[in-house]
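Colleague: Here are the chains, one letter per residue:
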Amino acid sequence: MMASSYNAKDEDGHHPGSVGSGGPGAVKSKKPDNTAFKQQRLPAWQPILTAGTVLPAFFMIGLIFIPIGIGLLVTSNNIKEFEVRAVAIATSYCVIRALCSYTAPRTKDFSNVFMYYGLSNFYQNHRRYVKSRDDSQLNGDKSSLLNPSKECEPYRTSDKKSIAPCGAIANSLFNDTLELFYIHPNGSRIAIHLVKTGIAWWTDKHVKFRNPGENNNNLSIVFQDTSKPVNWRKPVYELDPSDPDNNGFINEDFIVWMRTAALPTFRKLYRIIQKKKDNMTPTLPPGNYSLEVIYNYPVRSFDGRKRMILSTISWMGGKNPFLGIAYITVGSVCFFLGVVLLIIHHKYGNRNNNADIPN
Amino acid sequence: MDGACFRETLRTRRRWPDVMAIWKKDIRIALEEERHVRANDRDYNERFSYADNRIKTAKYNVFTFLPINLFEQFQRFANAYFLVLLILQLIPEISSLSWFTTIVPLVLVLAITAVKDATDDYFRHKSDQQVNTRQSQVLIKGKLQNEKWMNVRVGDIIKLENNQFVAADLLLLSSSEPYGLCYIETAELDGETNLKVRQALTVTSDLGDDVAKLADFSGEVICEPPNNKLDKFTGTLCWKDNKYSLDNEKMLLRGCVLRNTEWCFGLVIFAGLQTKLMQNCGRTKFKRTSIDKLMNTLVLWIFGFLICMGIILAIGNTIWEQKVGSDFWEYLQWKELTINAVFSGFLTFWSYIIILNTVVPISLYVSVEVLRLGHSYFINWDRRMYYSRKDTPAEARTTTLNEELGQVEFIFSDKTGTLTQNIMVFNKCSINGKTYGDVYDEFGHKVDITKQKTPCVDFSFNPLMDRKFRFHDSSLVEAIKLEEPLVQEFFRLLALCHTIMPEERNEGELVYQAQSPDEGALVTAARNFGFVFRSRTPETITLYEMGQAVTYQLLAILDFNNVRKRMSVIVRNPKGQLKLYSKGADTILFDRLDPSNEELMFTTSEHLNEFAGEGLRTLALAYKDLDEDVFDEWMKKLLFASTALDNREEKLGALYEEIEQGMLLLGATAIEDKLQEGVPETIACLTLANIKIWVLTGDKLETAMNIGYSCNMLRDDMNTVFIISGHTMLEVQQELRTAKEKIMGPSKDKFSSGLDMEKTELYSSDSVFEETIIAEYALIINGHSLAHALEADLEQILVDVACLCKTVICCRVTPLQKALVVELIKRHKRAVTLAIGDGANDVSMIKTAHIGVGISGQEGMQAVLASDYSFAQFRYLQRLLLVHGRWSYHRMCNFLCYFFYKNFAFTLVHFWYGFLCGFSAQTVYDQWFITLFNIVYTSLPVLAMGLFDQDVNEQYSLRFPNLYRPGQLNQLFNKRKFFTCTLQGVCTSFILFFIPYGAFMTAVRDDGAHISDQQTFAVTIATSLVIVVSVQIGLDTNYWTAVNHFFIWGSLAVYFAILFAMHSDGIFTIFPNQFPFIGTARNSLNQKIVWLVILLTTVVCIMPMVAVRFIKADLYPTQTDKVRLLQQATRKQGPQEQNLRRVRRTSSRRSAYAFAHQQGYGELITSGKNMKVPTSSTSTYPLYSPTRGLTGTSSVKNSGVNDTTRDQTETYSTGFRRESDQSQEVTVEDLEAR
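For the record, the sequence lines run as chains A and B.
First residue of the first sequence? That's 1 in the UniProt record's numbering, and the numbers climb one at a time after it.
First residue of the second sequence? That's 1 in the UniProt record's numbering, and the numbers climb one at a time after it.
Hints may contain errors.
Unchecked claim - Simulated restraints, written as ranges between beta carbons of each label pair: (1) A:Trp202 x B:Asn61: 58 to 64 Å; (2) A:Thr35 x B:Cys456: 55 to 61 Å; (3) A:His206 x B:Arg76: 39 to 45 Å; (4) A:His193 x B:Asp1065: 29 to 35 Å; (5) A:Ile325 x B:Ile311: 55 to 61 Å; (6) B:Ile1067 x A:Gln274: 33 to 39 Å; (7) A:Gly213 x B:Gln1074: 20 to 26 Å; (8) B:Ile1067 x A:Thr35: 53 to 59 Å.
Hints were generated in silico from the structure; no laboratory data involved.
Yeah, the Cβ is synthetic: ideal placement off N, Cα and C, and Gly gets one too.
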């Protein structure tokens, strides 16, 4: 940017023919090229915000958003959601039985019912928490398994053995057990079958998370030089001994937990209650149910709350009144603004368009 | 007394910073107190290690480039800031972002700048190389050898030939011309195109071109150390036990060109960087635009804002850690280091500084540079600013000032060569009461003379004619052919009464060296009408009158000066008659006419009025037959007077007066001082754009006013033209007060309120302004008065009055004053100033003004070298300002607004997120997104807008000059605008964060799996952001070229492409730790709910803006809005007839006379010093010249060398040199000031 004002070339030029040696006879003209680009004449579309374009846009948005909003709201309202607040009892590590009565008859729900656990005031999005993991270890990398990333500190090693899975996220894996029972009018309790696979993203389960040791099914050998996370009761290869495809790092409960929530209040999918095959009886027939929680997970220390949610879903996912209301509001505001703008434009605007360009 | 006072004034006024800084490169120079140079003795001279003649303007070489360039770059605040950030990021406790988020943009920025610097330097190397390898003839070991310039050493003797550039600062030793004279053109140095004379010492000029003698020459020069004073040199030459004093008259400076001299020898005194030329080429003061300064302020503000946010979040973090975080211990153990909440807050502060650093956009500076570079190229490429006759395109010599071209409020223009072509054309004449020059058709109506249609007079009867001469009225030629005695006498006078030097290169190929172009025009006219001035000796003038050689004896030249305003010659024609021919200003000459001439005088006077009305410069011509006896007696008195010791000038003047009485009027000439094409139209257009044009000229009052009238700056219908020409401070003050009172008149309050009105940013209707425009005043002030008016006491009233006047003309101003006037306005009005000029005397003004424009394609290069923009014609200024400047400003402002908006919208999301993630400095986005957002996803559309956007096309920009107004009022980008757009950015970030927040509170996927995880959240917000800013740039773009389409859609496409690529399985398996977002794009963007959120966010972010803009344009349309609507309407209807502005010239002013304001060459001619050895048979070598004795020079032959040289210098200073005194004096002042 700082340039010397002296330019030897300038000293030289501009005396055509004055120096005997001179330049070549036919000097190329310095006339700039006549291209649309260089002359800034590129053909162009020049839109202007006029009443003709703006007002219809507002009305259009209004007309589109309000129906969408109504649709969303109706869909959302049709979703049955049932929430149980687990009341923590003074001592942690105890077993509670929460008995709940099923109030709303679920006659029409023939589809899958999803069971979520929810935590509030749990900062899964805290920076130090979020980064406290080693993705290459979780991806089955042998060297990371034995030498996890420094990000996992202070949950990196224990007893001079590397922790697998390392890090704060894994260490704080949600480990309550929820069970749901149907209470037959005659008093007997029938356990409802809860499916525990299919709750994680496909990519997570099949790409992002992989057990180390390739096809070695004996996970206990693979993990033998590692230590379990501090807070865990059992090592990672015993998360689900019954199903080798759901054990170790690829245990879906674990995968779901590892996908950290964006907000301090969140819900995560726990189990799926599959619909009945005959499509005739509701997935959860009306009646009384009892939820049994094996309470392992302490939340009281940080004033957290645990919830259990049963919900059906629709094309737009779970119950979400926010979007519907938001759409309706934005749509109405746009429509209203359109009307206001129209009135303003009609009354005051555009009177003096190009009549009085002074010059 | 006046002059001394005046100079004193100037000396006290030298406040402003050195414009031409001294080249401080070589410290040794400062230590060098005296320079010893021994000719032909390299060994001796090498002891002093003087600079050799190699020139190096390049900064780097291959090895030093990287370290030096990096060092320079990190000196810039922005780069240093990012370096600090980078270091912060390497501290793991703080690092909230990976190192690559900063290093990738930083490296990119550094690389781009480095490439630019490297190319610049490469071209500098090339031009250095070119200059350094020029050939010159050096005397080495007794032989003339060709050597490259760079190998020339101090103490070498080199030979120069005609038309060659002088290679170094030389002491002239000998030349081909008599008396060791040689002629140089110093256009490169000071812009003056007339020839200057240099003379060698007699002892050295006797060496001639005898190589052997020159090789034996072993004189030693002891002189001053290198300095930058172009017209001062002191030293002594010691040779053969004699000492000779040396001065500037014996020096040939590098950059000059040898003219009219076959060869000359010179001794190199200063070489290379130590030459005066190079010492004068200081680094240009780096100019910055107001937007630049504003931008820097804003960046500092943003920086402060950033720190505030950091502090807020750090405090939040401390509180959170105490209230919540300590309970969260179970799941999130702290390291020992972070156990203290306050310390954690401290760390968080730095973490947030890193995260939020993107509010100070690193790519801002680079993008701005790129934009300016692009705009500069558009200026260079503009065919409508290309002048084909000189093959000169417009050139943006600095690339940093473009947008300021759209804010100019004051233009300071030079006159000669800028408004005028500095070409004088003999246009009309009145001979014995009859005018010639107009063309009439068969009905007796006057025909407008146009270049092509009107036939020119055929001068083919005259073999010695000048082919370029055009005249349209054939009746004058007929009169000549009829041998009308008065017409003949008229042209004989023109051919005899002047001080021109002829040069006949080949037979019939005459070239006149005229001191003023007016004289050249008159003599050329006489030449074409058959009275050819062919050659002269000190005592004779040879004409070819209608083909016959006639030699007149030149008896005396009664030279021109400013008081006399006329010049006369006394000649004896071949018949032996004594004649006095005189030409001069009509008012002066009419007083000295014979009473019998009264009737003719009235007729001629009418004609003069007529000529003046057309803006022509006039001269009256008269002659007188002298009686032999009277003349002899007068001559004696003259000789006596010329030897008088005191009051010689007055006595001579009285004698001249005595003989110039009772003359007979011959007629009058009218010369057109040709304006450059389109000057009145340009001025009218720029005036409509509310740009004030001030003419600052070294010319006389009359000439300046004349040009003022012909440019339409002054008009007859103006209320008053104030002429300030007081000689004392009180007079000037009184005159200014009167003028102010007259303008203010009764409505004083109203005007003063208008005056004092600060430039408000809300400047809607300029009623006050218009009122001042309705009443039109003009101010004309001359140099003497200006010197007083620029004193601290008067400058305020000067500014007041000048700004109330529509036209301001300052005449007889020195270059220094030009700069002072510019400085004055800069200080008082806070307005953007532009100075335009072509000569060296404009350099100071060009360097002082915010923007300096040089007229290129002329002879001198100084103005262009000092300028920021250069083009060949004044009229291109209109296009430069109204089209390029306006666009640049508009584009830059839109660019900046958008840029700040974009970065705030992008970054502040983190701020909101801070409240929900425990103030832990967790980022919302993927780190790669942060890295790429500014440099990949959003850089090109905004660059395309900044490069190509046109709110109004060029035709309309020129048609509605008041579209220029927003720039002057600084309306498009100011602090208010900045707040608006950052506020918009803040709102956008708020919406961008909280709509997804609301939606994701309870959201799950349509397969029941959870979706409210961080990665999906990040992708949703990032996608919304990219879409929102793309839509916003679409709204901001007025002119969608294919490039804009390509970049906007391309950026969106690239975003999605990169998103999916980085979230793909493949890249994850290779770098699992760097790309943890595997599959997020797929799993979230296939959800309807995510798209619904994006759509909602976009609409909520954009629609309010649309509504606001629409309302604004609908209810309070700006000029631009109106013109755009008109433009659109016109485009739909098809092209319309454009109402071209016609500027009429209406003036009936009596004009000035046609003389340069300098003293003539007379004495140099009569002393014969500038004559070559005569070749013509008709002339004789000067034996006796009546005027030679007058000057006090005892003899031409140099006996006592020292005395004679001094005397000769004096001769020049009274004669030949005087012409440059006025301008030179200034240059001296000027250069000393530096």
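Colleague: Compare the structure with each hint and give your call.
Modeller: Now the hints, each set against the structure:
1. A:Trp202 x B:Asn61: 58 to 64 Å: holds (59 Å)
2. A:Thr35 x B:Cys456: 55 to 61 Å: Violated - the Cβ-Cβ distance for Thr35 of chain A and Cys456 of chain B, about 39 Å, lies outside 55 to 61 Å.
3. A:His206 x B:Arg76: 39 to 45 Å: At roughly 49 Å between Cβ atoms, Arg76 of chain B and His206 of chain A fall outside 39 to 45 Å, so the hint is violated.
4. A:His193 x B:Asp1065: 29 to 35 Å: holds (33 Å)
5. A:Ile325 x B:Ile311: 55 to 61 Å: At roughly 36 Å between Cβ atoms, Ile311 of chain B and Ile325 of chain A fall outside 55 to 61 Å, so the hint is violated.
6. B:Ile1067 x A:Gln274: 33 to 39 Å: For Gln274 of chain A against Ile1067 of chain B, whose Cβ atoms are near 35 Å apart, the range 33 to 39 Å holds.
7. A:Gly213 x B:Gln1074: 20 to 26 Å: holds (24 Å)
8. B:Ile1067 x A:Thr35: 53 to 59 Å: Taking Cβ atoms as reference, Ile1067 of chain B and Thr35 of chain A lie about 41 Å apart, which means the hint is violated.
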